[in-house]
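Dock chain B against the given chain A, drawing on the hints supplied.
Chains A and B are the protein sequences, given in the same order.
Position 123 (the first sequence) corresponds to 122 in numbering that gives the first Met the number 0; numbering is contiguous.
Position 172 (the second sequence) corresponds to 171 in numbering that gives the first Met the number 0; numbering is contiguous.
No lab work stands behind these hints, which were simulated from the structure alone.
For each residue, glycine too, the CB sits at the ideal point set by N, CA and C.
One or more of the hints may lead you astray.
Among the chain B residues that face chain A by a calculated CB cut under 7 Å, a handful are [unchecked claim]: (1) M180; (2) D182; (3) L183; (4) L186; (5) H187; (6) A189; (7) N280; (8) W281; (9) A285.
Partial list, computed: chain B residues near chain A (C-beta under 8 Å) [what the hints assert, rightly or not]: (10) S175; (11) D177; (12) G179; (13) F184; (14) D185; (15) P201.
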Amino acid sequence: MTAPHPGPSGLSLADRSPSLGFHHISMTFPDGTVALQDVSFTVNAGEFVTVVGPSGCGKSTLLRIASGLAQASDGTVSADTGSVGYVFQDATLLPWRTVRSNVELLAELHGLPKAERARKAEDAIAQVGLDGHATKYPKQLSGGMRMRASLARSLVLDPSVFLFDEPFGALDEITRERLNDQLLELFAAKRFASLFITHSIYEAVYLSTRVLVMSARPGRIVGDFAIPFDYPRSPELRFDPAFSELTGHVSAALRGAHR
Amino acid sequence: MTAVADNTAVTDVVEAQPVAPPSVIRPKRARSITSLWPLPVGFLLILAAWYLLTLRMKPNRRFLLPWPHDVVSKGFLDGEAMGEILASTWLTTKLAVFGLGVSIILGGTVGILMYRFKWYERMTFPYLVALQAVPILAISPLLQIAFGYGFFAKSVVCIIISFFPIPTNLLLGMKSVDRGMLDLFDLHGASWTTKLRKLALPNALPSIFAAFRISAGLSVIGAIVGEQFFQKGDPGLGQRLTQYRTLIEYERLYTCLIMSSLLGIVVFIFFGWLSNRVLRNWHESAQH
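Pulled out of the complex, with its shape left as it was, chain A reads as follows (with noise of 0.2 Å):
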């Protein structure tokens, strides 16, 4: 656990140095589907970088190569991390665990001591803003509870690039929206680099520095995005004409992305 990262806090949008790059990667199943084809870009230290694209296009694909879970058939990938929080699409919380134990399991795995295991795990479910409901099971949480107590999760490791597989898309609107806004209170906070992958153009857009946008397969980058709004952002946000005209353009980049 000695990552050679310094930590996010010394961290800040000047620093550009790349968190997370990836140079000319393709993806091809051995049923000879072609999942991505020469995908091209980075994300750095303290950006939110939002991969939209239609189902099936291999977006999460990319995630699973960021951190290593599947090997591309072609391209590298780089990345200077010491930790990767890594978001599924499930909260994949062990169900025998409570909260608090759920939030320990990865400095557990990464064995870290005790005490310190515990004081992390506070801090991470206070910030996911789950205080009071550590001793709960998973069973008795809301959807959005449990996505919150994934996130407290990989918090504990404080990770300097967070990888999102649509995390919030089996929620409701509303929880959808509030956790958006508890994200990006974290992200302003931490300034990890993140990567973000949604099907949700407002989301995409909302939440991010940068929106690529994803044909169908193979998923190539066909549309890309600076996202200029300043952090921290307000849900209201939402309803200037500045952010429904650049969710026009991606999704007009996205309706290309079809044909």
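Relative to the frame of chain A, chain B by itself:
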């Protein structure tokens, strides 16, 4: 019920409020009232059926199925009979517990090996099925040559009969680990033993407990069958059954049968209780 006859309790008993999750709101008492009545009713129905069957038998054949009250008076209430039957029940219990224990340890090991090595699963599984299907009667002479007549020979029968559910259910439970959770453990470099301890085994707990319940019942059957094959040694329920049949003491024979059923019920309830205790916080199968 008079003790709790204040208003709130009564209304809750009559109709649990449908608004909140029932497990939270519905008081324990209401549950036990609605869930306990089938027990005595079922018991009375079986008793009635028994009386009816005995009644319909020709009087000279009635010794085959004596009246229930005769079973109680000449079996359960007869000090001498009950003394030897209780001693036998205790012997059978020890045999069944030993057999079940060995089944759990051996079966657990086999299950874990099958989970670890695909080739081992392929190699072993057909023989597990074969072992389960083997007619014990046919191989009893073999067992006798190999293991003699003693405690161990009997427990081998018990093990063969109670073994199968343990490794198969364990394997099923471990294999049904969520793909995302495996990814999570892989992502953080968890070793195979860590994945086993912190993921696969806890995940298999519900199916392990299901297996325990099945195997516990089977181990009682196995113990009695084993005792019936190998009549030598201290008499357990198996020997008593043979003995009472030969002596035409059918009241005592039925007492033995009821005792063996009770033994099966006790182990079943024990593992059910254990399962509920362990799983109550997280698994749907556990009752609150």
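So, as I understand it, the hint says B:N280 touches chain A; can you test that by seeing if any CB pair is closer than 7 Å? It holds, given that the least Cβ distance between B:N280 and chain A is near 5 Å, below 7 Å.
Regarding the hint that B:P201 lies at the interface with chain A, is the smallest CB-CB distance below 8 Å? Given a least distance of 5 Å, the restraint on B:P201 holds.
Taking the least C-beta to C-beta distance, is B:D177 closer than 8 Å to chain A? holds (6 Å)
Could you check if B:W281 really has its C-beta closer than 7 Å to a C-beta on chain A? holds (4 Å)
At a threshold of 7 Å, is the proposed contact between B:L186 and chain A supported by beta-carbon distances? holds (6 Å)
Status of the hint placing B:D185 at chain A (closest C-beta pair under 8 Å): At about 6 Å, which falls below the 8 Å cut-off, the nearest Cβ of chain A leaves the hint on B:D185 intact, so it holds.
With 8 Å as the cut and Cβ atoms as the points, is B:G179 at the interface with chain A? At 4 Å from the nearest chain A Cβ, B:G179 passes the 8 Å test, so the hint holds.
Under 7 Å is the threshold here; is the Cβ of B:L183 close enough to any Cβ of chain A for the hint to stand? With a closest approach of 6 Å, the B:L183 hint holds.
Restraint outcome when B:S175 is required to lie within 8 Å of chain A by C-beta distance: violated (12 Å)
Holds or violated: B:A189 as interface residue toward chain A, Cβ cutoff 7 Å? Holds - the Cβ of B:A189 comes within 7 Å of chain A, reaching about 5 Å at its closest.
With a cut-off of 8 Å, does the beta carbon of B:F184 approach a beta carbon of chain A closely enough for the hint to hold? Since the shortest Cβ distance to chain A is 7 Å, the answer is holds.
Chain A contact restraint on B:H187 - CB to CB distance below 7 Å: Hint holds; B:H187 Cβ to chain A Cβ min 4 Å, cut 7 Å.
Checked against the numbered hints above, the structure violates hints 9 and 10; every other hint is satisfied.
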